[in-house]
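Chain order of the listed sequences is A and B. 14 is the number of the first residue of the first sequence in my numbering; add one for each residue after it. 14 is the number of the first residue of the second sequence in my numbering; add one for each residue after it.
Heads up, some of the hints might be wrong.
As the list makes no split between identical chains, a pair holds if one copy fits it or if it spans any two.
[Unchecked claim] Within a straight-line C-alpha distance of at most 30 Å, the following computed DSS-like cross-link-like pairs (lysine-lysine) qualify: (1) 148 x 387; (2) 273 x 70; (3) 38 x 70; (4) 292 x 218; (5) 273 x 287; (6) 226 x 292; (7) 314 x 148; (8) 172 x 292; (9) 382 x 218; (10) 376 x 218; (11) 314 x 287.
No lab work stands behind these hints, which were simulated from the structure alone.
2 protein chains.
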Amino acid sequence: MRKMLPGIGVIGTPASVRSYVPLLKSCGFQVVALWGRTKEEATGLSVELDIPFCAVKVDEILLNRNVDVVVISCPPHLQSAITIKALGIGKHVLCGTPAGPSQLDALKMVNAASYYPKLMSLVVFGLRFLPTISKLKQYIDKDYIGDISICEIRIHYEKKPKEHFDWMCDETMGGGVLNTIGSNIIDLVTHLTGQKAVRVHGMLKTYTKQTDKIKGIREITSDDFCSAQLELENGSCATLTINSHIHGPFNQEIMLVGSKGRLTIRGADLYGQKNDSLKEELLHFDPVNFKEEQRYGVSDKTRAEIPTPYLKGIIRLIESVKDAFEKEEERQSYCQDPVKVAANFEDSLYVQTVVDAIRKSNKSKEWIKIDILKEEPDPNPFLSTTIRKSTLTLH
Amino acid sequence: MRKMLPGIGVIGTPASVRSYVPLLKSCGFQVVALWGRTKEEATGLSVELDIPFCAVKVDEILLNRNVDVVVISCPPHLQSAITIKALGIGKHVLCGTPAGPSQLDALKMVNAASYYPKLMSLVVFGLRFLPTISKLKQYIDKDYIGDISICEIRIHYEKKPKEHFDWMCDETMGGGVLNTIGSNIIDLVTHLTGQKAVRVHGMLKTYTKQTDKIKGIREITSDDFCSAQLELENGSCATLTINSHIHGPFNQEIMLVGSKGRLTIRGADLYGQKNDSLKEELLHFDPVNFKEEQRYGVSDKTRAEIPTPYLKGIIRLIESVKDAFEKEEERQSYCQDPVKVAANFEDSLYVQTVVDAIRKSNKSKEWIKIDILKEEPDPNPFLSTTIRKSTLTLH
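Modelling step: build the complete structure from the supplied sequences, incorporating the hints.
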């Protein structure tokens, strides 16, 4: 008999939840509870998605005894607090991206996770699970391109105008192409090269400040164009361009150039060319599998909402989470192996640090050194200094 | 009867001269003299290209009474002095790119040209003459894309390893992808948008420091990878990536994104998409015309040396120079109209200023403001200050 998979509580009601819930269900998870900001939102979506319980108080979800795993998909500024609470109550956490919105939030999550090492605490950087990414890593390991010197990443897509002003429109709340899309790529660069950034630079632009729906005194402050450069530990570099003004299909190209050749991911396919070869070769072909997507309950809406490579990655990620739980007998236990490749909160802290630094660079017009926060800053440094001093004088 | 076109003296013996001379000849110009650094180089090439006179002293070319136009195609650090001398003697000048190597050299050329307004003084930024660029400008004028906000330019090609160490390997002598390729693009951005950069940033990398032929104590210092960002006068921006580690054909993409749509040049073809349209459309198709190229004496070697869009542009530029001279009766006179679109020394000074600023930004790790040099700096500021002071005390 197959193991009963853990019950899932979903936090948040963004459009993407309409995609995640069918996905989770078709993997065999039971989605048992949903949190929404208002009663209308929570009830409406829980009826639509056939979720038995809903609430407007987060605690009612976190304390629900049928909830074993909390899937967090709410605005970034709420994620950190909910994650920490969920872990404290003893629930596994799958945290959506972007996390944040700042480095400090990410650090608090790292600290919380380190208290509960037996609980799953993962970040949904789906691209890590994309088959073509695993293939690319294999080719790197086989020394197909030699020493990597340059990562060139270019993302072109069309950002649909928002209906309402929300966190996506506000930079300080975690909106913008750098945080929402770029964070995935920053994570990927380190995942693929094994190198972290030591210094970063960025130019962020907001060219669409108002739309038909968002006008008057409210203005969009989140970036819709981003050009960022990363210098990595071993002297290699990465350059990242995200342009959300390109009408047409989502277009993502990730190119790794090394001393012996290059590897390029276009969409979900992998191409490669060795320097001594005359032609680029197709190394991995991964077209949209409509049948498979149908099995996972992927609708046209989902396809419009989540770009194909990301969707494919998320499906694999959820499959891996399922495998992880299935490998252990007890309902709430899981095996680390299937989710070894997933990003944890420390990865997320690094990514958030880079994102923060790029934002700072955009303002200060200079390169910013990457300093990963190790301790939460003193909430009241004046008081503490005095106490410390008086403690010192006692001895 | 057709007018006798002016005689041309060529300064320099790089590989590209093997392409320029047949081109000039097939346009009807007489190439009457050639300067080379050594007797062997000068004699060898003049025999090969059937040029009646050659010399190792520049003056012998410049003073040659059959030479009306001097085409300069020598290392950047020699160009400025030769240009100034040529203009002083009363010869028209067509100066190859990159000019430079520094802003001061470019300023000296501007000053020289302003003394002799009747002499032609052009810089060979061939892309301005590429038919697809003219087409693109027409579409901009027709308001196809509305207000331009982003210029995204990406150039991928394979830099063949050099046989010998020369100026191309040395950053201070004007080598590197930024100066050799990027200068054309910096010029083009302003040519197309009508906007100059106010502030620039750049990351330059030299990943190939030694080759099979260049090793030992000598090292290549010129950049082989460049990522640069420009902020333009009206708040729009440009981002430029030049990667010379991509084996395969030369690949150049220039994309202009505006409020109403985008225009993209791939190679020599123009594509466009309006925001309300579902598909990109081909607006101008300009394949390689082998028959035409044959007429201009373009060999396979030329094709390997000069990328197609640049070659096509240079052919048009030389045709325009011919037209300019043909329109006036006197052999040495020319009409401004056909070469109105060409870059002059002031354009070159601006480009050199931006290139210098990007290099400085790469070293200082911050954005650099564009300050176009207007006066040559005092060669001996200490002495002059003293003199100025003593002059002051006299009154």
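| Within a copy, between copies, both or neither: where do residue 273 and residue 70 come within 30 Å Cα-Cα? | The answer is neither: 56 Å in one copy and 44 Å across copies each exceed 30 Å.
| said: Please sort residue 38 with residue 70 into within, between, both or neither, judging by C-alpha distance up to 30 Å. | reply: This pair counts as within: shortest intra-copy Cα distance 24 Å, inter-copy 83 Å.
| Up to 30 Å CA-CA - residue 218 versus residue 292, copy category | Between. Shortest inter-copy distance 26 Å satisfies the 30 Å Cα cut-off; intra-copy 37 Å does not.
| task | If the cutoff is 30 Å on CA atoms, where do residue 226 and residue 292 land: within, between, both or neither? Let me know, please. | result | So residue 226 and residue 292 pass the 30 Å test across copies only (25 Å; inside, 48 Å).
| query | Between copies, within a copy, both or neither: which fits residue 273 and residue 287 at Cα up to 30 Å? | reply | Within one copy only: 6 Å inside, 40 Å across.
| message | Reference check for the pair residue 172 and residue 292, CA-CA at most 30 Å: within, between, both, or neither? | response | Between copies, since 16 Å is at most 30 Å while 34 Å is not.
| How would you label the pair residue 382, residue 218 (within, between, both, or neither) given a Cα cut-off of 30 Å? | Intra 21 Å, inter 18 Å, cutoff 30 Å: intra and inter.
| request: Classify it for me, residue 148 with residue 387: is the Cα-Cα distance of at most 30 Å met within a copy, between copies, both or neither? | output: This pair counts as neither: shortest intra-copy Cα distance 34 Å, inter-copy 56 Å.
| field | Homomeric proximity label, residue 376 with residue 218: Cα distance no greater than 30 Å | value | Classified as both; 11 Å inside a copy, 24 Å across copies.
| request: Indicate which option fits the pair residue 314, residue 148 if close means a Cα-Cα distance not exceeding 30 Å: within, between, both or neither. | output: within (29 Å within a copy, 38 Å between copies)
| said: Reference check for the pair residue 314 and residue 287, CA-CA at most 30 Å: within, between, both, or neither? | reply: between (39 Å within a copy, 24 Å between copies)
In summary, the structure is inconsistent with hints 1, 2 from the numbered list given earlier, while agreeing with the others.
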